[in-house]
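A.B. asks: Residues per chain are reported as follows:
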Amino acid sequence: MLLKRYGRVVAVDNLNLSLDEGSVTGLIGPNGAGKTTTIKMILGLLKPDKGTVKVFGQDPWDNSAIRSMIGVVYEKAFFPAHQKTLEYLQRVCRVFGVSESRAMEILELVGLQEAGDREIRTLSAGMLQKFAIAHALVHSPKLVVADEMTANLDPQARSELLEIVLQLHKDENVAFLLSSHILPELSMVCDSVAIINRSTVWAFGKLSELYEKYAVGIIRISTDSAYALEAELKKLKYVEDADSDIRGVSVRVAEGKEDKLYEDVPKLAKKIKAKILGIETGSASLQELYRLAVSGKERK
Amino acid sequence: MGKGKPFLEVLASAMHEDFRFPFLELFAFLYTLGTFALANFTVGIYSQVGTNEAVAYAVTSSLIGGSLIIFIILIFKNVAYGLGSDLEKGIIQTYFSYPLKRWAILTAKLLSGIGVSLLLFLGIQISAFYILAPDIVLPQFSTIILTYAANLSYPLFISAIMLLLTLKLRRGGIGLVLGIVLYFGMNIASSIAFFVALATESALGLQIISVISPTYALQYHYGGLAGLSSSLWTPTLAETMLYIGGSYVIVAALFILGYIYFSRRLNL
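Going line by line, the protein sequences match chains X and F.
Heads up: the first sequence runs through residues 1 to 300, numbered per our numbering.
Heads up: the second sequence runs through residues 1 to 268, numbered per our numbering.
Next comes chain F alone, as it looks inside the complex:
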């Protein structure tokens, strides 16, 4: 038997638990509903925004909007509740009796918890693009990819924090609560940063927030909120990409920390 098989079996086992009936069906339905319902509603609104890139950004953002929260709920469930419960109940101990390195077991759990959700989310979204806005997809593909990258960075950042907390506490409850707080906290923080920027005419707060949630940098790059922000902060595309890249470096660093902890320090 090849070396890859035990990993695939653990992945299949993890997926069986994470997406047992009716979770996969329910979330696929919600993604589809969110994507198509919101797309129909928003394409008309954003078609007058300006440049082709700005239109592509606006359409992509509107498509992502409704489905992103569903994606977040799903990965929160799988990372905090799923992995936390596996640690707490001893299923990870059972996996540790299999001839697999620890990092491979964590990879199987994360691929099941986050990777499958991501594939589901992107698969439905990209399909929706081809159906609803075929003229935008190919010419503006890079803008679309950039928008997805910017939007997914913060949920992945929260997932990494939840992973670390879940591994440390060996249960998912507190990680889940913190994830929800971080998610809604960012909305509040960005609003505060916006008003502080307006009052002080300094975009420092927005720039700090954009380091972990680069969707704001991208938003301001394309004109921000109703044109109000163009005088506040208009990052160049290169700067925006730097924010996006930086945020993924942070996310990657947090996940690597999780892997190191899981492989070298996790005592069960």
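Isolated chain X (complex conformation):
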């Protein structure tokens, strides 16, 4: 059980987390939830005020053996600015005792082979994050810890980085711990998630298990009048929960009442003059899963 405070502010409280080797785990939660603090404790950059962190069975604080097994990607990557990308990666290869030819291999893997001769400071934000991934992978780590690595990137660059994550996981069996508050992208790559909110873990497990626990019975109704439909749905006795966003309403109904909802939705839509664009069963997004987990609404 970890505890970390900054003065009077509790950043992480009562946090208990254990990751499987070889998995892609998402650490999700809003800004200020405690994700970065958790990651920094895992990386040995912060000492917990209470509790212990073990990475591959060892305390990560000032532990060079652990560092050989972990690659790190920060939200904003910082490297010595005036060094050339290929030269710096070759230096990192020497630091970790791997062949210098690995530097070009890894630059090619992230699509930066053309930028080998450029100084690090001249790289764009997207290129810099790709370089950070290359830097994290030089020594073929068992685990890559990435803190909000896509936060400042455009959609194209984000998608490319996630492709790289998937490819590495598949080809080199690299485990990832990815922290993000951009949930749709995590749902593309993660097989487990830890939901952190208000400094502690609210739910943790394989995605399928969490969906089973929180999202079974969720029916997603796409509509052009989500808020009005939500209000009407909440009046129905068999509706346990309804929550809308701009594109639709996610509804949880009592067991066995799904057919009844299918009957009632067109009637309600007609009443409020809403257009129903689609109805799907059991299709909660990670965003909804997160909301349900945080609100503690598991299926009764």
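These are computed hints drawn from the structure, not numbers from a lab.
Errors might be hidden in some of the hints.
Said to hold, decoys possible - In silico DSS-like links for lysine-lysine, alpha-carbon gap of 25 angstroms or less: (1) F/101 / X/76; (2) F/89 / X/84; (3) F/89 / X/47; (4) X/47 / F/101; (5) F/168 / X/50; (6) X/234 / X/206; (7) X/47 / F/168; (8) X/267 / F/89.
Keep in mind that this is a model prediction, so the values were computed, not measured.
Assemble the complex: chain X is given as a structure, and chain F must be docked to it using the hints.
C.D. replies: Structure of chain F alone, referenced to chain X:
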């Protein structure tokens, strides 16, 4: 791969940033200019000072004079600005992902920031001695070493204070300002101490100052300012060496504190 290599790579990386073009070239030029220009100007003045040791002290002090401020500027830049900026921007975090102990990373940064500057400074100065005053170097080598040790102690003391402040605040700006204040403050403090000593006929102020800046003890040992101080305070060579040794103990203690903080307490 041997254990030493990661350390050397981090040192090389730190040096690449601290001394990227044209810093190394510029400071080497300034050291050379300062050393040789001032040496030509002062050797004649100090050649009549007295004993051989006093002459060696005077010549060494005059050689150091112009270059010391350049050395100070360089280590201030590297310790406060360089390390501070690395902490602030996250480059130290990046170094912390390498298989190196924290103390080794700090050593690499300090060797780059202070060690290289020191080598540059001493290398040029000692070469200048052999060129400009070859008759003094060998016979008075111990006096010359003592003079360098006394003169370098206070800049290293300031560097250690700047290091502690930079580590604590994780930025270099305030450390840099404090370093400059301490450097010029010592000149003012020593002048005040001198006049207080003259007025009160007590050298206590000068002795206190000499604990962290033993160059004053050495100066008074060799006759002080225009002979005025001989009646105020004339420490023996043994006492002077004690002041120098004591000042380095303080400097070492401050650096050790920095290492302990960096290794055990620095949360990033």
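A.B. asks: So, for every hint listed, does it hold in this structure?
C.D. replies: Structure-based check of all given hints:
1. Distance hint between residue 101 of chain F and residue 76 of chain X is fulfilled; the C-alpha atoms sit about 24 angstroms from each other, no more than 25 angstroms.
2. Taking the CA atoms of residue 89 of chain F and residue 84 of chain X, the gap is about 18 angstroms. The hint holds against a cut of 25 angstroms.
3. Restraint check for residue 89 of chain F and residue 47 of chain X: satisfied, since their Cα atoms lie roughly 20 angstroms apart, inside the 25 angstroms limit.
4. For the suggested pair residue 47 of chain X and residue 101 of chain F, the alpha carbons sit about 16 angstroms apart, so the restraint of at most 25 angstroms is met.
5. A C-alpha spacing of about 22 angstroms is found between residue 168 of chain F and residue 50 of chain X, which places the hinted pair at or below 25 angstroms, so the restraint holds.
6. Distance hint between residue 234 of chain X and residue 206 of chain X is unfulfilled; the C-alpha atoms sit about 30 angstroms from each other, more than 25 angstroms.
7. As the CA atoms of residue 47 of chain X and residue 168 of chain F are separated by approximately 16 angstroms, the hinted pair is consistent with the 25 angstroms bound.
8. Pair hint residue 267 of chain X plus residue 89 of chain F does not hold up; C-alpha atoms about 59 angstroms apart against a cutoff of 25 angstroms.
The structure fails to meet hints 6, 8 from the earlier list, while all remaining hints are met.
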